[in-house]
Amino acid sequence: MRLQRLSLTNFRQFTDDSIEFAHGEGANVTVVHGSNGSGKTTLLNAFTWALYDAVDFDTRPERLATEGAMAAANPGEKIEVSVTLEFEHEGRDYTVTRTAMFRKRSNDDFNGEIEDSDVVVEYREDGRATKVENERTALNNIIPQRLSELFFFDGEDIDELAGVDNQDRIQEAIQNIMGLTILERATRHLDHVAGEFEDEYAKYGSDELRELVQQKRDLEGEIDNLERKRKDKQREEERFAEEVRDIEQKLSGFDDSSRLQNQRKEYREREKQLKADIDNITERIRDEINDKGYAPVSMPLIRETAEELDQLRQNGVIPSDLTDDFLDSLLENKQCICGRPLESASDEYQTIESSKGDAPAEGVEQAALMIIGQLSQFSDDRSAFTERLEQHIQERNEKQQEIDKLLEYIDDISTELGEINDAIEGSKSIAEWEAERDRKSQAKDDAIREGSRLKEKIENKEEEIGNLEEEINDLREDRQEAQLARRRQRAAELVSGEIEEKFEDLKQRVRQLSNQTVSGTFGSVASKDLHAEITKEFRLKIYQDLPDRRVEVEKSTGERQIASLAFIGSLVKIARQRYESDGNSEYFTGGIYPLVMDSPFGALDKSHRREISRILPTLASQVVVFATDSQWEGPVEEEMSDVVGKHYRFDFDPGTGSGEYPCTRIKQEQTPTTY
Amino acid sequence: MDEVTDGMEHSERELARIRKRVLEAEKEKLNLRLPRGINNDIERIIREEIN
Numbered sequence: 006m007r008l009q010r011l012s013l014t015n016f017r018q019f020t021d022d023s024i025e026f027a028h029g030e031g032a033n034v035t036v037v038h039g040s041n042g043s044g045k046t047t048l049l050n051a052f053t054w055a056l057y058d059a060v061d062f063d064t065r066p067e068r069l070a071t072e073g074a075m076a077a078a079n080p081g082e083k084i085e086v087s088v089t090l091e092f093e094h095e096g097r098d099y100t101v102t103r104t105a106m107f108r109k110r111s112n113d114d115f116n117g118e119i120e121d122s123d124v125v126v127e128y129r130e131d132g133r134a135t136k137v138e139n140e141r142t143a144l145n146n147i148i149p150q151r152l153s154e155l156f157f158f159d160g161e162d163i164d165e166l167a168g169v170d171n172q173d174r175i176q177e178a179i180q181n182i183m184g185l186t187i188l189e190r191a192t193r194h195l196d197h198v199a200g201e202f203e204d205e206y207a208k209y210g211s212d213e214l215r216e217l218v219q220q221k222r223d224l225e226g227e228i229d230n231l232e233r234k235r236k237d238k239q240r241e242e243e244r245f246a247e248e249v250r251d252i253e254q255k256l257s258g259f260d261d262s263s264r265l266q267n268q269r270k271e272y273r274e275r276e277k278q279l280k281a282d283i284d285n286i287t288e289r290i291r292d293e294i295n296d297k298g299y300a301p302v303s304m305p306l307i308r309e310t311a312e313e314l315d316q317l318r319q320n321g322v323i324p325s326d327l328t329d330d331f332l333d334s335l336l337e338n339k340q341c342i343c344g345r346p347l348e349s350a351s352d353e354y355q356t357i358e359s360s361k362g363d364a365p366a367e368g369v370e371q372a373a374l375m376i377i378g379q380l381s382q383f384s385d386d387r388s389a390f391t392e393r394l395e396q397h398i399q400e401r402n403e404k405q406q407e408i409d410k411l412l413e414y415i416d417d418i419s420t421e422l423g424e425i426n427d428a429i430e431g432s433k434s435i436a437e438w439e440a441e442r443d444r445k446s447q448a449k450d451d452a453i454r455e456g457s458r459l460k461e462k463i464e465n466k467e468e469e470i471g472n473l474e475e476e477i478n479d480l481r482e483d484r485q486e487a488q489l490a491r492r493r494q495r496a497a498e499l500v501s502g503e504i505e506e507k508f509e510d511l512k513q514r515v516r517q518l519s520n521q522t523v524s525g526t527f528g529s530v531a532s533k534d535l536h537a538e539i540t541k542e543f544r545l546k547i548y549q550d551l552p553d554r555r556v557e558v559e560k561s562t563g564e565r566q567i568a569s570l571a572f573i574g575s576l577v578k579i580a581r582q583r584y585e586s587d588g589n590s591e592y593f594t595g596g597i598y599p600l601v602m603d604s605p606f607g608a609l610d611k612s613h614r615r616e617i618s619r620i621l622p623t624l625a626s627q628v629v630v631f632a633t634d635s636q637w638e639g640p641v642e643e644e645m646s647d648v649v650g651k652h653y654r655f656d657f658d659p660g661t662g663s664g665e666y667p668c669t670r671i672k673q674e675q676t677p678t679t680y
Numbered sequence: 007m008d009e010v011t012d013g014m015e016h017s018e019r020e021l022a023r024i025r026k027r028v029l030e031a032e033k034e035k036l037n038l039r040l041p042r043g044i045n046n047d048i049e050r051i052i053r054e055e056i057n
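If you read the sequences in order, they're chains A and B. The numbers in the numbering used here rise by one with no breaks, and the one at position 384 of the first sequence is 389. The numbers in the numbering used here rise by one with no breaks, and the one at position 50 of the second sequence is 56.
Just so you know, these hints were derived from the structure itself, not from any lab. Remember, predicted model here, so these are calculated numbers, not experimental data. Treat the hints with caution; some may be incorrect.
Said to hold, decoys possible - Covered stretches of chain B (in silico footprint by chain A; criterion: 3 or more residues with CB under 8 Å from a CB of chain A, positions within the stretch not fixed):
id	segment
1	22 to 30
2	41 to 55
To be verified - Below, a list of computed lysine-lysine pairs in the PhoX-like style, where the Cα atoms sit at most 20 Å apart:
id	chain 1	residue 1	chain 2	residue 2
3	A	234	A	466
4	A	507	B	26
5	A	512	A	533
6	A	512	B	33
7	B	33	A	507
Claimed, not checked - From the derived model, a few chain A residues whose C-beta atoms are all more than 12 Å from chain B:
id	residue
8	144
9	145
10	199
11	205
We put the CB at the ideal spot given by N, CA and C, even for glycine.
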């Protein structure tokens, strides 16, 4: 399928617009960009509406006709909505035109009532126009609707493609495109038809033949029953295995919980110890202050006193020669220092008596002398006190900091524990969960055993069927109808066998090829330690390489988007490669598909946008990208500008004024190739 | 080379034709989730080719 042109009339915000698509070698990209809400998703829906009468709008899905056209119409008038898609496919130029007539019911009716809808599919070949009768089948054969979401995709949803819930779609897409589905179905249907012909053979054959065929049918019926039971057991086994895994996850949550609780307990004990240490230090500080706290406080006073005393000393006042006590002793003994007697009323007696008080008191003088003498000691005491105090304070601060850190750790653990405990639902204890795990494990083992037993029964019955078939083969039936039926039966069986062989062989090759391509595309864009893989069951998984092993990772939004883009791009690439190398295969359903993407860059960072932009043009013969202006400008434009064959911009008018309605015009921009 | 079974011969061309037509019939109905009538189609093909 090679897109040529898309034309819209009265389709949502597009009154009368068209786009031509680039398809040249080296300039195969068509880009359309505009502001949010300008019509990118509408354009994507135009494709699916034209091809399949299917739309997926987030807002007002019932409003297909242009608001402006509906507003201008009178009640009762009809508005025609149409989309025409022109494309080339396998040598024919197709035109698909879908129209719908909407009748305006009242003045304020903007949705309209759909009165008529039609699709016309025509193709031109060798200059002759031909109308296709079975439009739905024809269009589905060109690009199947079930796969259309992959080729016309909304980038905002695309990251879900690589999610767990969409693996069936991936499986179906690969098998469908690569012809596996056809082969698998053909084998199954041929086997059924072979059985029909065998019944016919028996019908025209002898009683003995009928008896043998009947026995075979009975055995086949029994095998079908046994197979159903075996599949049930298999599902049971898978279910129990999953339940066991869930329980083990819960138990590991308990283990984690237990470990974290122990850790938290240790931290709390350490916190308690540190608090006790801090109390001790505080006590020591208090003692220190009590003991020597005077030193810094009284130091200025002591210094001032010492300086005054020192001045007295320098002035000769202290140490004084005379003390009051000494003078009293002279007066008492009535004897002067020189030895002369002192009479009470004598001048000498009075002189001595009057000298009393001039000398400092002995205690004070002694104290003063002590202060002066011990001044340096006071200074040393103060320094030592200050130093010790600082040490205690520092020690206390360090312990406090350690406590703060521990509190942080404890908080983190508590948060983590809260999350783990939320995940461990129910009120079961560890012992109860373990008991349940053992029960489920046992049930799983029972299912496996029963499955094996059933398998053995099936094999025995198949052997019996083999024996019956030999007996049937040995019979020689004379009736012509019987012989003919027998031939037809054998033909069906032989063709079925051939196709089954092809199926197994192709399955291997398809898986290898799709794995290689997806892995290569993904690897060129994603982080280097991540790998994408298509498994044997055709599931898309992402793995991370660790030093000693590889683990499946829960994909981030960006990674899912890359994986999905890589997958779709690879599918298109494989389909094209197979078409070009093996297009005449009876069962190959691939072909040349375009890639039409709405906002594929949304969840990606700049670096990934650049990488995706670099590889996108290589994945399909035609790539059509709708993007916002901000997505387009920058790395995407830089990488893609050389390969853009057609460049358009949405000129969006939101129609905010009275009597105005949202409208988008598509304006063509110049590209390097059109300069 | 022909497939010989019970004296009933199937030419390779015969089988190739059946295979081709069966696969084409399957391809026509590939996009249907339940390909109704396909068994009848295949039965008819084989009756036509082996008669």
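Problem - Outcome, coverage hint (the segment 41 to 55 of chain B, chain A; C-beta under 8 Å; three residues) - result: Satisfied; 8 residues make the cut.
Problem - Restraint check for residue 33/B with residue 507/A, where alpha carbons must lie at most 20 Å apart - result: holds, 16 Å
Exercise for the section: Over 12 Å to the closest beta carbon of chain B is the bar; see if residue 144/A clears it. Expected result: At about 10 Å from chain B, residue 144/A fails to clear the 12 Å cut-off, so the statement is violated.
Practice task
Could you check that no beta carbon of chain B comes within 12 Å of the beta carbon of residue 145/A?
Solution key: violated, 4 Å
Exercise for the section: Sort out whether residue 466/A lies within 20 Å of residue 234/A, counting only the CA atoms. Expected result: Roughly 15 Å separates the two Cα atoms, so the pair holds.
Problem - Distal placement of residue 199/A relative to chain B, Cβ over 12 Å - result: Given a closest Cβ separation of 9 Å, the condition is violated.
Handout entry: Annotated coverage of the segment 22 to 30 of chain B by chain A, confirmed only when three residues or more have a Cβ within 8 Å
Key = holds (count 6)
Practice task
Compare the distance between the alpha carbons of residue 512/A and residue 33/B with 20 Å, and conclude whether the hinted pair is satisfied.
Solution key: Holds, because 18 Å separates the two Cα atoms, which is no more than 20 Å.
Practice task
Evaluate the condition: distance from the CB of residue 205/A to the nearest CB of chain B exceeds 12 Å.
Solution key: Check fails; 10 Å does not lie beyond 12 Å.
Practice task
Compare the distance between the alpha carbons of residue 507/A and residue 26/B with 20 Å, and conclude whether the hinted pair is satisfied.
Solution key: It holds: about 13 Å lies between the C-alpha atoms, which stays within 20 Å.
Exercise for the section: Mind checking the alpha carbons of residue 512/A and residue 533/A for me, to see if they're no more than 20 Å apart? Expected result: This hinted pair is violated, its Cα atoms lying about 29 Å apart.
Of the hints listed earlier, those the structure fails to meet are numbers 5, 8, 9, 10, 11, in rising order.
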